[in-house]
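Student: Here the working numbering is used: the first residue of the sequence shown is 1, the next is one more, and so on.
Calculated directly from the structure, the hints in this document are not laboratory data.
Among these hints, one or two may not hold up.
Said to hold, decoys possible - Label pairs and their computed distance ranges (CB to CB):
(1) 43 to 89: 28 to 38 Å
(2) 41 to 65: 25 to 35 Å
(3) 42 to 69: 16 to 26 Å
(4) 44 to 86: 17 to 27 Å
(5) 69 to 41: 25 to 35 Å
(6) 86 to 41: 11 to 21 Å
(7) 7 to 71: 31 to 41 Å
(8) 61 to 25: 17 to 27 Å
(9) 67 to 41: 30 to 40 Å
C-beta: ideal position from N, C-alpha, C; glycine also.
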Amino acid sequence: MAKMVVTHDVLDVDNWLKGKAERANAISAMGCSNVVDYVAQDGSKAIAVTADAQDPAAVVAAMTSPPAEVVAAMDRHGVVQPMTVYIER
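Please model the complete structure; the sequences and the hints are all you need to start from.
Tutor: This is the structure we're talking about:
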């Protein structure tokens, strides 16, 4: 299993944090576990999410073309594109 890190900005950090459970469920449905959220300590709107990915290529593919319900959740959570994905090698 590879560690995956996703970074992006959000419109409102507090609103984004309220979506933690929904976000963890969506990421887990892509075959990931140990989903953890991080907030930048500099007061910016930058965040990061880490997870253990069983199939990193499948996760990246799912994030590249997410289903409509995931896009709707990202909109509710205030996700600002682009997302940068890092995969442990």
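Student: Does each hint fit the structure? Answer for all of them.
Tutor: Verification of the hints:
For residue 43 and residue 89, the Cβ-Cβ distance of about 32 Å falls inside the hinted range of 28 to 38 Å, so the restraint holds. A hinted range of 25 to 35 Å holds for the C-beta pair residue 41 and residue 65, which are about 33 Å apart. Checking the proposed 16 to 26 Å range against residue 42 and residue 69 shows it is violated: the Cβ atoms sit about 32 Å from each other. For residue 44 paired with residue 86, a C-beta distance near 18 Å keeps the hint of 17 to 27 Å intact.
Distance hint for residue 69 and residue 41: a CB-CB separation of about 32 Å, consistent with the stated range 25 to 35 Å. Between residue 86 and residue 41 the C-beta distance comes to about 19 Å, which sits within the given range of 11 to 21 Å. A hinted range of 31 to 41 Å is violated for the C-beta pair residue 7 and residue 71, which are about 19 Å apart. In this structure the hint that residue 61 and residue 25 lie 17 to 27 Å apart at CB holds, the actual value being about 19 Å.
Taken as a hint, the range 30 to 40 Å holds for the pair residue 67 and residue 41, whose Cβ atoms sit roughly 33 Å apart.
When the structure is compared with the earlier hints, violations turn up for hints 3 and 7 and for no others.
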